[in-house]
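Q: For reference, the chains in residue letters:
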Amino acid sequence: MDTAAVSDQAVTTLKIRRYDPERDSEPHWERYEVPYEASDRLLDALHYVKWNIDGSLAFRRSCAHGVCGSDAMRINGANKLSCKVLVRDLGPEISIEPIKGLPVEKDLIVDMDPFFDAVKAVKPYLMTDDHEPTRERLQSAADRERFDDTTKCILCAACTTSCPVFWNDGEYFGPAAIVNAHRFIFDSRDSGAEERLEILNEKEGVWRCRTTFNCTDACPRGIEVTKAIQEVKRALIFRRF
Amino acid sequence: MQVHRYDTVIVGAGGGGMRAALEAGRRSRTAVLTKLYPTRSHTGAAQGGMCAALANVEEDNWEWHTFDTIKGGDYLVDQDAAEVMCREAVDAVLDLEKMGLPFNRTPEGRIDQRRFGGHTRDHGKAPVRRSCYAADRTGHMILQTLFQQCVKHGIEFYNEFYVLDLLLHEGATAGVVAYELATGEIHVFQAKSVVFASGGFGKVFKVTSNAHTLTGDGLGIVLRRGLPLEDMEFFQFHPTGIWKMGILLTEGARGEGGILRNKDGERFMERYAPTIKDLAPRDLVARAIYTEIRQGRGCGPDGDHVYLDLTHLPPEQLDAKLPDITEFARTYLGIEPYTDPIPIQPTAHYAMGGIPTNVNAEVLRNNTDVVPGLYAAGEVACVSVHGANRLGTNSLLDINVFGRRAGIAASTYSSAKTTWVDLPDAPTAAVEELLGRLRDGSGSENAAAIRREMQETMDVNASVFRTETTLKQAATDLVGLKARYQDVGVSDRGRRYNTELLEAVELGFLLDLAEVLVVSALARNESRGGHSREDYPNRDDVNFMRHTMAYRSGPAIAASPDAEITLEYKPVVTTRYQPMERKY
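Sequences listed follow chains D and L, in order. The numbers in the first sequence follow our numbering, run straight up by one, and end at 423. The numbers in the second sequence follow our numbering, run straight up by one, and end at 1234.
These are calculated hints, taken from the structure and not from any lab test. Any given hint could turn out to be false.
[What the hints assert, rightly or not] In the BS3-like style, the derived pairs of lysine-lysine whose C-alpha atoms are separated by at most 27 Å in a straight line are:
(1) D/Lys415 / L/Lys802
(2) L/Lys802 / L/Lys856
(3) D/Lys305 / D/Lys197
(4) D/Lys385 / D/Lys282
(5) L/Lys894 / L/Lys1122
(6) D/Lys282 / D/Lys302
(7) L/Lys748 / D/Lys305
(8) L/Lys748 / D/Lys302
(9) D/Lys302 / D/Lys415
(10) D/Lys409 / D/Lys385
(11) D/Lys282 / D/Lys305
(12) D/Lys305 / L/Lys802
(13) L/Lys802 / D/Lys302
(14) D/Lys385 / L/Lys802
(15) L/Lys775 / L/Lys856
(16) L/Lys1233 / L/Lys775
(17) D/Lys409 / D/Lys302
(18) L/Lys927 / L/Lys1220
[Unchecked claim] For the chain L half of the interface with chain D, some residues (derived, Cβ under 8 Å), not all of them:
(19) Pro752
(20) Glu835
(21) Asp1142
Note that CB positions come from ideal geometry on N, CA and C, so glycine has one too.
Can you make the complete structure from the sequences, with help from the hints?
A: Shown next as structure tokens:
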């Protein structure tokens, strides 16, 4: 590990957008000086603030290594998981805001219900109409590979809340919902593609996507989100037109 | 205070809780309470796979799996329970596939299987390919698949509802009390049956693979209500955590051919487990690593870690089979696993012990009798299918088999019962007292500082190797920390998302559980599985082939210095396997 690059005394400034509706009339920025080590994640720096400076700072987190999806936030203007970026890679002053487009509940915590509602609306579960086999359904390795990318989604909302269309239009399903539809539309075992495509063909569906690639850049799992959306669009045209 | 009424209430929405919910939801009016959102649960961090003797790629049968589980658990496994788990494993995997889980496939299109630690062909002859997997994201796929099915079946979730108390009336289950994080409101959930599926307590240790939220709440709640906890001294240290950070790197890496090396580049596991080498069970590998380190063969300037070497594996294989863990090495260590070995050290990973249950997931209030209406499944429970050391993949199996069984048993019980048990008087009193003292008091102690000191003493004194001296040191430290906890202050007096208050409450559970672990470990004067006493290096079947049952008496107050832990013992169920020396 490259510990030489960062001395033991390294310090950064976190500039955090704070808002507690119980106390504040509007959001404001606060700054915190935080010492850090070379291996510290931004989440460690947030914990430093919470555990040593101001216990009231509110944020969600759980696994701390990028698989649970709790801690998506806007970091230096871009959506990331705070546990999947290192402090030393973020510069001497790090701005941290809640993800955009969902109501802020307190500090970095937003109301996730609209996000999950959109995901649920695309019927994100296997639908089959054949007889259930005694053993497993067979699926070739190639068919399995077809939808591999979109199985990686952890529902962190980094993609959806980086999308300018979603910011301006709360009705748009958003990238994450489309990713989760994609995961089943292209699964050879599933027979619900038509139903899902119908939903995504609605006015709040895939056609709102402006292909800005923000979602692909934001995805902490490296999913090619925009590509998945384009594949859904193509499936709609190919099957229906 | 709001009061809700359900037939079945499930506490926790990881794999065990959601598997239970899928069964309970179709048989009874069911609610699932979680302090997170379901998809944040730590099941999602499991990587390597879920074993079942499908025999898709080579000969295998569930009896071999049962034997491996029992031997892996150093004969502290209840053998009837292990038989149930390994027999039902096959259907548990097939059920998940039918729910849509995207397993990796064989060329014939069947579920692919790979090798895993301690899983062998024909009673230890050679490693066997038994682990069904989806790259190194098997837990993620299980969590997502179960969540998808819960969406499909309209399971009712109460997200960010933190359960803080179990309500019993004349010994029978009456419900739970929960704290709503968004509002600070207290809710009573009256229920005919309650299933605890709230996970483990790895946060008693500092270097751990566990999420910040794994604070043993369910265990702490039942302990304070006077119910026993079983085999709490048995805590698993996973051999391959990222050095200093503890982030899990799957055993599947060794299943794919990865090798552990010391500073001389030696494949040291050949000396400790000549037959299955790097695929020996976790307790054995973790001890081997620390032995190498102690004998001066550790890597790095301080000689405090060893290497997981994947450099001889083709990059295509790493990309296809181990994409996440190789990315972890790049993200957190700046290391390229194609070309460089990864520094690792054992990391606190899994509680073998927990709330004692029988094979129907019914919670025991002593060695034989159940608590009517109370169930537990997953890491929070101790059936005991893992004994003194769990085999890799058997936790994902456990949550599916016993989550399902808990859901069926709890909802069958609640639908047969025509009325609810009366709520006890002042059902929220204990929770209000706890929250009020922390939130509105004038305490001056910092919860984070106490937690850090607890984790440090547990890492130093109660982890892979233990002695009477180190355990007594931990016990002494915990007495001091519990006393200081009584004076913990919370600066945030707000109601809304008061996560500082939440963390202070969690710390109370952790302190109680650390104490139970240490007290149970001090009394077990032998070495067995994950409990390794250097002052008693041998297994002692005459005196200790028995389960520890720890009870707490005294005030039901969080981390109370006046509470006392007393130990009793419960026989191990043996069916067809007599204890043998454990060699690999």
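Q: Against which earlier hints does the structure fall short, listed by number upward?
A: Failing hints, ascending: 2, 3, 15, 18, 20.
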